[in-house]
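J.: Full structure from sequences and hints, please.
There are 2 protein chains.
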Amino acid sequence: MEKNILLGHGSGGKLSHELIEKVFIRHFSNEILKQQTDSAILDQIAFTTDSYVVDPIFFSGGNIGTLAVCGTVNDLAVSGATPKYISAAFIIEEGFPVSDLEIIVQSMAEEAEKAGVMIVTGDTKVVNRGQCDKVFINTAGIGLIDEKHKHISTGAQIETGDVILINGSIADHGMAIMAGRNFGNFKTDITSDCAPLNGLIREVLDAGCRVKFMRDATRGGIATVLSELAAGKGIGLEIDEPEVPVSENVRGMCELLGFDPFYVANEGKVLIVVHPEDAAKALSIMKNHEFGRMSAAIGRIVSEHQRKAILNTEIGGRRIIDMLAGEQLPRIC
Amino acid sequence: MEKNILLGHGSGGKLSHELIEKVFIRHFSNEILKQQTDSAILDQIAFTTDSYVVDPIFFSGGNIGTLAVCGTVNDLAVSGATPKYISAAFIIEEGFPVSDLEIIVQSMAEEAEKAGVMIVTGDTKVVNRGQCDKVFINTAGIGLIDEKHKHISTGAQIETGDVILINGSIADHGMAIMAGRNFGNFKTDITSDCAPLNGLIREVLDAGCRVKFMRDATRGGIATVLSELAAGKGIGLEIDEPEVPVSENVRGMCELLGFDPFYVANEGKVLIVVHPEDAAKALSIMKNHEFGRMSAAIGRIVSEHQRKAILNTEIGGRRIIDMLAGEQLPRIC
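If you read the protein sequences in the order shown, they are chains V and B. Letter 207 of the first sequence, counting from 1, is numbered 205 in this note's numbering, and no numbers are missing. Letter 333 of the second sequence, counting from 1, is numbered 331 in this note's numbering, and no numbers are missing.
One or more hints might be untrue.
Intra- or inter-copy, both count: the list cannot distinguish identical chains.
The calculated lysine-lysine pairs, modelled on DSS-like cross-linking and capped at a C-alpha distance of 25 Å, are [to be verified]:
#  : residue 1 : residue 2
1  : K32       : K185
2  : K82       : K146
3  : K148      : K82
4  : K279      : K1
5  : K20       : K112
6  : K231      : K12
7  : K112      : K32
8  : K146      : K132
9  : K12       : K146
10 : K148      : K32
11 : K231      : K285
12 : K20       : K132
13 : K12       : K132
14 : K306      : K146
15 : K132      : K1
16 : K32       : K12
17 : K279      : K148
18 : K231      : K82
19 : K1        : K231
Since the hints were made in silico from the structure, they are not lab data. Here the structure is a predicted model, which is why all the values come from computation and not from measurement.
T.: In structure tokens:
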């Protein structure tokens, strides 16, 4: 692999995978970590961690604090766990305004309240000016998981014919961040989709829908989740491009800036693989939830082209959905 | 409080306390966080987090990775918990050598092995050059705790007459870091005391010693732990300065640089408050452990001067051990 760390090593794509395989898993080697699930499943609990370095720290639809709570809540929820406890660790640059910190902390408290989790432990480090950029936040989370949902994080029960659902439009978060950076001097009203998804997911599970797999499509977008799933489970996927919700202004901004929305980060979108007989029920539950109004069935598990996710494009073509090769948008979350 | 974040807000001293009280606890308000223990005690589990920003990242006796594992293992162990699972989240500066990352990751794996914990989940973010300094690591940890040890983290059973033990010499870590920074162009052989203390602590607990309270004396040194304990529990403490182990070269370096070793960070030292009848037994167990050869009884809980920790000095005087007011050594851990 490369001799020095590249931005792409943090992209969630190919380089990230290489770093994880060749450095982290090689040394930390154990059966739980090897699963490479978003949360580690430990007996009755799920355990996860994420650091947040988003730039700018305040953006339309949220801030680094809302992201830090929602991201970790979602990592637990997509494992089939009920998120319970969150830790919050801050690395702050000397000179950072306390008033900004208060806004962030208050947002974290509000998101935690919404998600029904408690922030129970924390840490604060301060580094000299110029040694970090404003503030970085790490959250770790603990959730409770039922025996019957443990298969979800690895997708052990996925079968041909299972349907792939998503709870709304893609690429909103990534484009809101780009707009926040004044990239291209855009004036847009694009808002991040940052939201805790544990409520929506819980309703689908509690209704008895046979959920086979879930993953929140953050860094690297839905393309990364889909290509990882196909490669990791050795299965074929098909996605129907016209069914994938993309809002008009996001599509416009993506086209102008040359981004493929499939690779752009979301912070409130979950891909759900569900038994075909339960797809309509799950979709109806999702559409009735505030974070799922634009939910859609976007594809299915197929018996062909194993290890590949194939896109049926709007213009009637077919192409492979591949993993992100480099870094598209550093510090997107 | 201050309008902007100062280095002292990360010191573990007075400013840190103010920030925790006025910003974090005010907003995150809940009964568990309010305890301000190193680990949150949640039913049968203990949960903790710490970010590590030590500079330099490699130093005599360890590196940022050994620190990240030992620190979190120790936070769990001093709560009376058995550390089990660790998360590892990296924020890496673009251009950081992968070979250095490998050394760090390998050290983490080794310390985890020594401590008997598994690193089960993780995260990697990469930021642009200049947006963080080399690498920051966050570890969160989960431990299992017995009902009978739950009182330890809050010190609920502390009584007058209890004895205060320490497992060896103080200020080694802080001075090793200072030497690593070539502060004052020192040539020393001072080595950080960075070590996982869960083994030593487990032996003391398993021998049935009535441990009332434990705390690892990291940022802010033993002075901070002692003054916090006195103020937090409304009790009086007395420490006998001649009994507190300080190695000769550390004492010399502290004197030359103007540091009080009581305020200098440790990464392998635990203060144990134990029932007086069990003090000799605990001390003997500690001295037989590789991380406790220089263990000593350094003081006791007294009925006088409540809320104050008093030092009986070497020259026969008495003075108050106060909390650190500013920041002594930024990025010490």
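J.: Go through the copies and call it for K146 and K132: within, between, both or neither, with a Cα cutoff of 25 Å.
T.: neither (43 Å within a copy, 43 Å between copies)
J.: As a check of your reading, is K231 near K82 (CA-CA no more than 25 Å) within one copy, between copies, both or neither?
T.: neither (29 Å within a copy, 29 Å between copies)
J.: Tell me, please, which holds for K306 and K146 at an alpha-carbon limit of 25 Å: within, between, both or neither?
T.: Classified as neither; 28 Å inside a copy, 53 Å across copies.
J.: At most 25 Å between CA atoms: does that hold for K112 and K32 within a copy, between copies, both, or neither?
T.: Cα proximity of K112 and K32: across copies only (20 Å, versus 32 Å in one copy).
J.: Reference check for the pair K279 and K1, CA-CA at most 25 Å: within, between, both, or neither?
T.: So K279 and K1 fail the 25 Å test inside a copy (50 Å) and across (52 Å) alike.
J.: Within, between, both or neither: how does the pair K279, K148 come out at a Cα-Cα threshold of 25 Å?
T.: For K279 and K148, the Cα distance is within 25 Å only inside one copy (22 Å; across copies 45 Å).
J.: At most 25 Å between alpha carbons: which applies to K20 and K112, within, between, both or neither?
T.: between (38 Å within a copy, 22 Å between copies)
J.: Measure nothing new, just compare the shortest in-copy and cross-copy C-alpha distances for K148 and K82 to 25 Å and report within, between, both or neither.
T.: Result: close both inside a copy and across copies, 17 Å intra and 20 Å inter.
J.: For K148 vs K32, is the C-alpha pair at or below 25 Å within one copy, between two copies, both, or neither?
T.: within (16 Å within a copy, 33 Å between copies)
J.: Is it within, between, both or neither when you check K32 against K185 at 25 Å Cα-Cα?
T.: neither (44 Å within a copy, 43 Å between copies)
J.: If the cutoff is 25 Å on CA atoms, where do K231 and K285 land: within, between, both or neither? Let me know, please.
T.: neither (28 Å within a copy, 52 Å between copies)
J.: Up to 25 Å between alpha-carbons, please classify K1 paired with K231: within, between, both or neither.
T.: neither (30 Å within a copy, 52 Å between copies)
Consistency note: the structure conflicts with the earlier hints numbered 1, 4, 8, 9, 11, 14, 18, 19.
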